[in-house]
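Read off the chains here:
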Amino acid sequence: MSTIVNMVEHLGGKAVGWWTTSYGILSFLVDVLSTVSRPATWNRATLDTIVKQIYFTAVQILHVYVIYVLAISWVIITITLSTARNVGLFDTATEMIIRVLVLELLPFITALLIALRSGSAINTEVALMKVNNELDALSHCRVEPMQFEFLPRIVGGIASVLSLTILGGLLILVLAYLAIYGFDTLGLAPFTITIASVFSLPLLLGLAVKCVFFGLAVTTLPIVAGLETPKKTFMVPVSVLRGMMRVFLALVLIEVLSLALKYI
Amino acid sequence: MVARVSPDLPLRANLSARENIALIPLYQKYHGAAEASRQAQALLDKLGFGKIGDKRDPDMSPTERFVTKLGRALILRRSRLIIEQPGAMLYDIPYPDLIRSLAQRVDEPADNWEIFDYTWNQALY
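For the record, the sequence lines run as chains A and B. The first sequence: position 193 = 193 (my numbering), numbered continuously. In short: position in the second sequence from 1, add 1000, done, that's my numbering.
You can take every hint at face value.
Taking CB as the label site, the calculated pair distances span:
#1 B:GLU1114 with A:VAL209: 51 to 59 Å
#2 A:ARG38 with B:MET1001: 20 to 28 Å
#3 A:VAL252 with B:VAL1106: 54 to 62 Å
#4 B:ALA1042 with A:ARG44: 19 to 27 Å
#5 A:SER37 with B:VAL1106: 34 to 42 Å
Below 20 Å or equal to it, Euclidean Cα-Cα: the simulated EDC-like pairs (lysine to aspartate or glutamate) are:
#6 B:LYS1046 with B:GLU1019
#7 B:LYS1029 with A:GLU144
#8 B:LYS1029 with A:ASP48
#9 A:LYS232 with B:ASP1008
#10 A:LYS52 with B:GLU1019
#11 A:LYS231 with B:ASP1008
Since the hints were derived computationally from the structure, they do not count as laboratory data. For glycine and all other residues, C-beta sits at the position ideal for the given N, C-alpha and C.
Model the full assembly from the supplied sequences, consistent with the hints where possible.
Here's what the structure looks like:
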């Protein structure tokens, strides 16, 4: 009997925990939307902070990102071309590369990289700010943490995922062309025709929306996890652990949903 | 409206002393970054601690941290200024003298500043 009671209590606790977390995330997103819609938010100070965040999130990792994208893309393009040649589907290789690498793998890898580098840092910083009362101090000075600390990170995260994905996509297209046609300009016409046929407007919009959701996930979830941290320093690593797990689950969920919407 | 200088209201750790103070003109009075920074530095100069402008919280001495918190409270320009538990923030110096000298530097009689301290420290004043 006590085993059943314990199990019910455990399940109930889990359900309440999930509900509380989901409510916290939704309530935070409503706050974000409300701040975004206020014209007073968009002053010079906010814009300056957003620019700083984009620099920290996207520009500082640019060289690592480019090397990483070039290396992984080169390997995958080579494997794709070799497999396509073996099974007699070389004509469709360009489309396969674009669909697999540019549309699916690249945004996911970009979001993952930003989550690991900036998401974890955001989670730690917000948790420490919460523990050290820095957020209360900002509120006392009527400097809203949402406007000064959170919103710039969210906007910066979304802009970074979008811009890095565009840059990575262009690099992959150049690499794919070089791998298929070399430095011969004769391949330009068929290559651009294939690109134009794959990148329809709805597909591009879908890619942009996916990147926006990725950007939201890698910034919003760490911030909320940081804000949930109890005022005890030893809870900061637990908060980061929870936040990063949520980010990973959210990224996988977004990717699966996007694939399902596109192909099922 | 009260401006508090308190051990419970720390500085933003990743900002310098000047940036901590400049946040207020930047976000409340919508001044540009350069003007907000100039005002913050002018206040630090007035308090006699102009050299700490670039220091961040972890690099500050207790006195420098207190002065930055005081600068942040002063630039709020609220009708009351309360200093809470000064002994907890200025544990390495005779703090009543320091507070008195800082009040003189900003042309305010020390009486305008309310100090909330433990009764057993009353003899220090």
